[in-house]
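K.L.:
Build out the structure end to end from the sequences listed, making use of the hints.
Remember, my numbering sits 294 above the position in the sequence shown when you count from 1.
Possibly wrong hints are sitting among the right ones.
To be verified - Calculated lysine-lysine pairs in the DSSO-like style (CA-CA distance at most 27 Å, straight line): (1) LYS449 to LYS436; (2) LYS424 to LYS405; (3) LYS424 to LYS436; (4) LYS405 to LYS430; (5) LYS424 to LYS449; (6) LYS337 to LYS449; (7) LYS449 to LYS430; (8) LYS405 to LYS449.
What the hints assert, rightly or not - The following label-pair restraints were derived from C-beta to C-beta distances: (9) GLY404 to ARG316: 42 to 50 Å; (10) GLN421 to ARG316: 41 to 49 Å; (11) LYS449 to GLN408: 22 to 30 Å; (12) VAL344 to GLN408: 23 to 31 Å; (13) ARG445 to VAL396: 34 to 42 Å; (14) HIS446 to SER395: 24 to 32 Å; (15) LEU334 to LYS405: 39 to 47 Å; (16) GLY447 to GLN307: 34 to 42 Å; (17) ARG309 to ASP357: 24 to 32 Å; (18) SER395 to TRP310: 43 to 51 Å; (19) TRP310 to PRO406: 46 to 54 Å.
What the hints contain is simulated information worked out from the structure, not anything from laboratory work.
The structure presented is a predicted model; accordingly, all values stated were derived computationally and were not measured.
Every residue, glycine too, gets a C-beta built ideally from N, C-alpha and C.
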Amino acid sequence: DGVIHLAGTPLFQKRWNAEFKREMEDSRVLGTRQIVDAMLRSKPRPRVLVSASALGFYGMDMDRVVDESAGPADDLLARICVNWEEEARRLDADLFIISTSVEHVYVNFGKPDQEVVREMTVAEAEQYIKEGHFAKGSMLPKMEAVVYYLRHGGKEVIITDPPNVPRALRGETGTRVVA
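P.N.:
Shown next as structure tokens:
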């Protein structure tokens, strides 16, 4: 059992006055808080929460390349993302799912010797990062997030594309990274 939380006031349908800014934040942060509270009270507790964050975490400067080390921007959308993610983090989840544009992680991506990686340890992920297998602004920030999550108490990460998330949860596809 799980919960998919994709709620939130559409950001670009109104002028951003003080009232609308509060609505933008409350629809994400308070909505997530209520869902997490309900999940924590549930018996049995749902095993999965899918909660989508937003591009605004790094700011809206589209000419700047950033990675996980950049941290959040100092603007409204970034603060909303930080607060939103903090609410979801209260679940202390064992599984982190990264839904991206590819079904698997690859080493030597786009080269003749490209290989699918179906499972790896966090140490192997760190080695692949050191060897330069992941592109900045593409798979590299995702893999850095994987390493951070697993080095800070997480147990497992699944990386796959949206249509394959159910199959990846059953172990049929995707890339699994374990501590």
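K.L.:
The structure should be examined with respect to each hint, and the outcome stated for every one.
P.N.:
To see whether the hints hold, each was checked on the structure:
no. : hint                         : verdict
1   : LYS449 to LYS436             : holds (16 Å)
2   : LYS424 to LYS405             : holds (18 Å)
3   : LYS424 to LYS436             : holds (14 Å)
4   : LYS405 to LYS430             : holds (17 Å)
5   : LYS424 to LYS449             : holds (22 Å)
6   : LYS337 to LYS449             : holds (22 Å)
7   : LYS449 to LYS430             : holds (25 Å)
8   : LYS405 to LYS449             : violated (31 Å)
9   : GLY404 to ARG316: 42 to 50 Å : holds (45 Å)
10  : GLN421 to ARG316: 41 to 49 Å : holds (46 Å)
11  : LYS449 to GLN408: 22 to 30 Å : holds (28 Å)
12  : VAL344 to GLN408: 23 to 31 Å : holds (29 Å)
13  : ARG445 to VAL396: 34 to 42 Å : violated (24 Å)
14  : HIS446 to SER395: 24 to 32 Å : holds (26 Å)
15  : LEU334 to LYS405: 39 to 47 Å : holds (46 Å)
16  : GLY447 to GLN307: 34 to 42 Å : holds (39 Å)
17  : ARG309 to ASP357: 24 to 32 Å : holds (25 Å)
18  : SER395 to TRP310: 43 to 51 Å : violated (29 Å)
19  : TRP310 to PRO406: 46 to 54 Å : holds (49 Å)
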